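The chain contents come next:
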Amino acid sequence: MNNTAQKHDATPLVAESYYAAVTDALRTEAARLLSEGVVTAVIGYKEGRRHGTAGPAIVVDPARANELIFSAACVNNLALYLTKAKKGVAGTGKIAIVAKGCDLRALAGLMAESQIRREDLHIIGVACAGVFGSGADRREPLSAGNLAGKCRECSVGAPEGADIVIGTLPPLPELSPVEAEELARLEAMTPAERWAFWKENFARCIRCFACRQVCPFCYCEQCLCDRNRPQAVETTPRPAGNMAWHIVRAMHLAGRCAGCAECERACPMDIPLNLLNRKMARELKELYGHEAGLTPVEKGPLVIYREDDDQSFIK
Amino acid sequence: MPKTITEQNLRLLIDSLIKEGTRVIGPRRTGTITLYEPLARGEELDLNELPRRSAKEVFFPVCENILSFQRGEEGVKVTDIDPCAFPETVLIGARPCDAAAAPVLDSVFSWDYKDEFFLQRRRKTTVIGLACTTADDACFCSAVGLSPADSKGADLFLTPVREGGYLCEALTDKGKTLITSHARLFAETSAAAPLSLNEPAGVKLDLHKIKGWLDENFESPIWKEIADRCAGCGSCAFLCPACHCFDIVDEGTEAEGHRRKFWDACGFGKFTDHASGHNPRDAQPKRYRNRIMHKFKYYDDKFGQTLCTGCGRCIRWCPVGIDIKAVLEEIQKG
Amino acid sequence: MKHDFEPKIVAFVCTWCTYAGADLAGTSRMQYPANVRVLKFPCTGRIDPVFILKAFQKGADGVLVSGCHPGDCHYMAGNFHARRRFAAFRKLLEFVGVDLARLEFSWVSAAEGGKWVEVVTDLTERIRTMGPLAEFKELETEEHWSGRLETAELKEAYNNI
Chain B
1 MNNTAQKHDA
11 TPLVAESYYA
21 AVTDALRTEA
31 ARLLSEGVVT
41 AVIGYKEGRR
51 HGTAGPAIVV
61 DPARANELIF
71 SAACVNNLAL
81 YLTKAKKGVA
91 GTGKIAIVAK
101 GCDLRALAGL
111 MAESQIRRED
121 LHIIGVACAG
131 VFGSGADRRE
141 PLSAGNLAGK
151 CRECSVGAPE
161 GADIVIGTLP
171 PLPELSPVEA
181 EELARLEAMT
191 PAERWAFWKE
201 NFARCIRCFA
211 CRQVCPFCYC
221 EQCLCDRNRP
231 QAVETTPRPA
241 GNMAWHIVRA
251 MHLAGRCAGC
261 AECERACPMD
271 IPLNLLNRKM
281 ARELKELYGH
291 EAGLTPVEKG
301 PLVIYREDDD
311 QSFIK
Chain A
1 MPKTITEQNL
11 RLLIDSLIKE
21 GTRVIGPRRT
31 GTITLYEPLA
41 RGEELDLNEL
51 PRRSAKEVFF
61 PVCENILSFQ
71 RGEEGVKVTD
81 IDPCAFPETV
91 LIGARPCDAA
101 AAPVLDSVFS
111 WDYKDEFFLQ
121 RRRKTTVIGL
131 ACTTADDACF
141 CSAVGLSPAD
151 SKGADLFLTP
161 VREGGYLCEA
171 LTDKGKTLIT
181 SHARLFAETS
191 AAAPLSLNEP
201 AGVKLDLHKI
211 KGWLDENFES
221 PIWKEIADRC
231 AGCGSCAFLC
241 PACHCFDIVD
251 EGTEAEGHRR
261 KFWDACGFGK
271 FTDHASGHNP
281 RDAQPKRYRN
291 RIMHKFKYYD
301 DKFGQTLCTG
311 CGRCIRWCPV
321 GIDIKAVLEE
331 IQKG
Chain S
1 MKHDFEPKIV
11 AFVCTWCTYA
21 GADLAGTSRM
31 QYPANVRVLK
41 FPCTGRIDPV
51 FILKAFQKGA
61 DGVLVSGCHP
71 GDCHYMAGNF
81 HARRRFAAFR
91 KLLEFVGVDL
101 ARLEFSWVSA
111 AEGGKWVEVV
121 TDLTERIRTM
131 GPLAEFKELE
141 TEEHWSGRLE
151 TAELKEAYNN
161 I
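Chains as they are written, first to last, in the working numbering: chain B, 1 to 315; chain A, 1 to 334; chain S, 1 to 161.
Bound-form chain B, shown alone (with noise of 0.2 angstroms):
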């Protein structure tokens, strides 16, 4: 979230009327999908009171479907509300969710993992140009320069597999990826200095767990670093137990994170936490080919294995 240093471009990606009209167009669907009782719920975004702001809104009166909208605001990742952390929210029945490109990859991965089945879902798939970052200037319209860090490198602004798509975004410039870039600064750092880096960063978690609980994947009943018998990881956010759960959440996430970068959007600390997800998203893919996609792959990396896996680690 390195916002200061993108601030200078702020021409606009999409004219304002796109989002307009996707947000009518999503109206218009989520209102015909409530009366003709296709669906019981519709998991979308509403406006928030102040500028600039979005949030998850759950619809099931037809007649408050005009009250979701489509933004450059609507920066949660909505598949949080299909898991089992949060049964009960969307009801029961066939279950309507607007998701952004980087939104159906999770959708993807719970599929994948059993926690959601295609058929009870109808997906509002959302092209997207990319959501305001976090600590952004909001007041200006989306730019490169209020731009989120994951959306600079977004492939999936038109997403694929959805029920209906709506919107067509224009051409987008490719911009610079300081995602990818801070993680190669990092790589290229001796491991005393990655120590430091991290050791500063986790010190100031306060373990108010909103990585955890925005996280479409940490859905399970019993978090690990909850239990206190026996003690795996400490509860009090002291600098040693900060770095174990980071460790530990970073380990629970690799091969099943979608990089969706909630993690890091919820941190009121500014804590990173995506490159880490990043980091082992990319050692999984050089060392088994495993990529977060849009397509359901049955099981994940960590799952399954291959006799001649690499060993050479291995003594």
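Worth flagging that the hints you see were computed from the coordinates, not collected in a lab.
Values in this document were obtained by computation on a predicted structure and should not be read as measured data.
Quick reminder that beta carbons are idealized off the backbone N, C-alpha and C, glycines included.
One should not assume that every hint holds.
Claimed, not checked - Derived coverage of chain B by chain A (criterion: at least 3 residues anywhere in the stretch with Cβ under 8 angstroms from a Cβ of chain A; other residues may be distant):
# : region
1 : 51-62
2 : 75-81
3 : 202-209
4 : 227-235
5 : 260-268
As the list claims (entries may be wrong) - Only part of the chain A face toward chain S is listed, based on derived beta-carbon distances under 10 angstroms:
#  : residue
6  : 65
7  : 69
8  : 85
9  : 149
10 : 261
To be verified - A few chain B residues that don't get close to chain S, going by computed Cβ distances all over 10 angstroms:
#  : residue
11 : 17
12 : 21
13 : 36
14 : 48
15 : 166
16 : 222
Given the coordinates of chain B, work out where chains A and S should sit on it, guided by the hints.
Quick look at chains A and S alone, frame taken from chain B:
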């Protein structure tokens, strides 16, 4: 005659306090984030924005040891932490929403049980408040009975003046002592024009009316409506200047370890989870309801105060965009 | 021979192969450094990465994880799964700044008492030259500033002004 202090002398004040062995806590910028932290020198003070976390951790640490234990041949030896060992502290640059929370918390920490960990830190801390010029659209101090110029909770209160520097108002003996013991850094003035403060915009809240509604509406469909989407994290409670729930755990081995007190949050699913497996607040809306009830009803019932100073941190950093101000406005409508 | 530094090595081993291998080394009267503390698991597949982390946190200077050779797993595939998990975990530890020379993996069968001796000896000597693992130990003693009692940095700040 009113006193003033220049920007430069304010920093010198920090330097000399540190030199005297006082711990000085103030807003400090690291990377993308400003936090209340111990300052190593006056230059580090950064008053440009409201710190991400509140100042409550000066009195109510994120995590602290309350005792340590060692198992020896003669049984278990327990060593208590001596609250008298807490460092003398000056908290500088606390905005009204942060400074005002401390006296509100005094009520609960000196109620049926006197929490010496909190109270000793309070006694040992001098609060230098700062009138606020940086309200944004999440701020609502003036809607809950405070204002950007409110000096509640401060021992010494700074108001930025047009000529640069600050007008200094000593409100308590601690504040007066601070001025007299560093008299050379302060000047006397007859005419200093305070900078215009930035009053948060928006609806004033009728806290009495809101409490009246809460008295009657423990069961209401509104809770589900508002808080179904709550993700159940603790960021609202942890950033809040007034939330004060904590948990206590023993950490270490069977041979030795520490008992630690650390922040907890009513938004966590485990917060009310009983050992039996029963959880009276078994769904997120019930947990969110408790947050609102505690702030605007229970605390009022018990202490006649509201457990919210309108800093807006929970609004700014809620990952799912829950806006307590909007919720209260909704409740106020009835 | 006396050394200045005796490293603490924690070995997580599977009961079927490596534990039996270590036992063979013992019954064969082979000598290996007493620095190693052996923890027996049913299978390498049961060795959660969090155990390795915990060992480092609680004072291990080096960690060894050892089990059956591929194809020899008593539970058919436990070590195959473990192999992938450890490959990923190594990368993660490296990324947060842990020196991977402190973490060793090996396959030691029930017949390889000699290999056990060799693996343990090599790791112990390597860690001995590296010295104690300071990072995790230091971290363990650190407190958030708000809960800190000593004011060492205050004194440092004082000296700097």
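Now for the hints, and whether the structure bears them out:
no. : hint    : verdict
1   : 51-62   : holds (count 7)
2   : 75-81   : holds (count 3)
3   : 202-209 : holds (count 5)
4   : 227-235 : holds (count 4)
5   : 260-268 : holds (count 4)
6   : 65      : holds, 7 angstroms
7   : 69      : violated, 17 angstroms
8   : 85      : holds, 6 angstroms
9   : 149     : violated, 28 angstroms
10  : 261     : holds, 8 angstroms
11  : 17      : holds, 44 angstroms
12  : 21      : holds, 43 angstroms
13  : 36      : holds, 46 angstroms
14  : 48      : holds, 32 angstroms
15  : 166     : holds, 37 angstroms
16  : 222     : holds, 14 angstroms
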